[in-house]
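A.B. asks: Protein chains in written order, with UniProt numbering: chain A, 1 to 282; chain B, 1 to 282.
To be clear, the hints were calculated from the coordinates, so they are not data collected in a lab. Hints are not guaranteed to be accurate.
A pair holds if it fits inside one copy or across any two, identical chains being indistinguishable in the list.
Said to hold, decoys possible - Below, simulated EDC-like cross-link-like pairs (lysine to aspartate or glutamate); rule was C-alpha separation at most 20 Å, straight line:
1. K134 <-> D15
2. K123 <-> E224
3. K123 <-> E112
4. K232 <-> E221
5. K134 <-> E112
6. K134 <-> E241
7. K33 <-> D138
8. K33 <-> D3
9. K240 <-> D180
10. K33 <-> D15
2 protein chains.
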Amino acid sequence: MIDSAKVIAAGVVYDGDVWDLCNYQNSPDAALKIFDILTLSAAGSETNCSAVITNEETTEKFGFSSPAAYPSVSVINPDLQSTVTSHYLAYSAVDICSHCLDLYFTASYIPEMTADHIENILKTVIRTTDILLKNPSDYEARSEFIWAASVALNGSTRIGVEGNRFDTHLIEHSMSALYDIPHGAGLAVVLPAWTSWHMSMNPQRYERFARNVFGVQRGEEGVEAFRNWIVKIDAPVSLKEVHIPENGIHPLAAHIFRTIQMAGMQELYPIETLTDLLSSMR
Amino acid sequence: MIDSAKVIAAGVVYDGDVWDLCNYQNSPDAALKIFDILTLSAAGSETNCSAVITNEETTEKFGFSSPAAYPSVSVINPDLQSTVTSHYLAYSAVDICSHCLDLYFTASYIPEMTADHIENILKTVIRTTDILLKNPSDYEARSEFIWAASVALNGSTRIGVEGNRFDTHLIEHSMSALYDIPHGAGLAVVLPAWTSWHMSMNPQRYERFARNVFGVQRGEEGVEAFRNWIVKIDAPVSLKEVHIPENGIHPLAAHIFRTIQMAGMQELYPIETLTDLLSSMR
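Please construct the entire structure, taking both the sequences and the accompanying hints into account.
C.D. replies: The following block contains the structure:
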């Protein structure tokens, strides 16, 4: 919703088609002021200047980033989120984790202090989701959960970080663009498969994740613990669970590949790799 | 230096005596814009809107806080701090820790996520100080050290925190106001004595500190490890080392008591308690 508001706010003062702005290349110079009240914390849009939006005609899910799009005021009140359903709480939790993990696992360098900060967000989300699934009106747990959501994407997780990408997001955006599933549900499907596939490319970081987030020793155990947590909070971990059929894999891979090309990541993710990755999510 | 700039920036546009603004009560409405380049990271003034300054005529060391005093631009470049002396590095390290510890030990409530954030800053300062004392031009360690200094006082350590005070700062300010010693050196003297005295008022927090910052079990061991670290980095831990004579204790206690009264903390710190506390620093 805040992302839509950002695109509308930029579109109103843009002398042209607003979709021109949503291609990760053009950045709007100006926008109306945005005042928002959060009903759900996950995207982190309340404390950043980016937006991702689906063009339903072209089935593209792209976005923009511009200092003009920072919300002027964001009201983030724990009480207002106590009625979020358990499913959407789980999807939100996975979304917040994915904002951390895309960066954490792909970055070529993360300062120790920033890595600890990211692990703190992950531990906070995991701990408070467990509490909130039992008692949705736990004020302290909700406060920490929604603050973790904001902090996960307000820029603080990128301090001193080099060479990070947003792999699972690029993959998932096509899933929720082509199939009408919540972004967090799509990420819940992507993350276990992607981390298993990606782990060998950054084994030390996965070991650190295993140790500091789940208190286990090996990278494989960490990835397994994370998958078990997703299952435990009742989020989907397979394409089947989100009703993406087996014959949908090829068109989906082709759709993702377009985004991958825009991000200049086609060498890492040729269409065969994407197909294999999606097949491992069945 | 940035604190002085803030007071000057507020004083230029204030229609009266600038010292009126420096009493923790009046807050300036306006100030000139401040652009700063850091030569030393410790105070955190580069990312907040507060200032503390000494009036040498009255020997008062008070300050103000005002949104008008936020620096417009702060240039924080690790390279520019590689020539900081080992003594000033140590004083800076203690100052940053004290910004965290005053809040951490006195707060009646700290969210788990914020406590973990504070512990991350403390661990970062301790780890990088050890590296920088050996190699002052270690760019990565310096980057983390100076970022820790900014984060320790940019508001992020107070998220969701209730009932915190700045005890060791209130005590130390009189020391550096009456005796020309660096603020961080004074804090190095105050902290071991104060934490030993204060520990019984918040034993669980001290146990957490011991466990999460120094990897030891009991609060006493944590306080001891912290004192040993101050000694190791060659900062002073006694009044004698900073040339405050024994007959200086009574006037010092009287001076501190005035600040304590302004902060409304006279029940916790009657003048006898301050005298005992200072005596334990001999």
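A.B. asks: Would you list, in rising numerical order, the hints stated earlier that this structure does not obey?
C.D. replies: Hints 1, 6 and 7 are the ones this structure does not satisfy, whereas the remaining hints hold.
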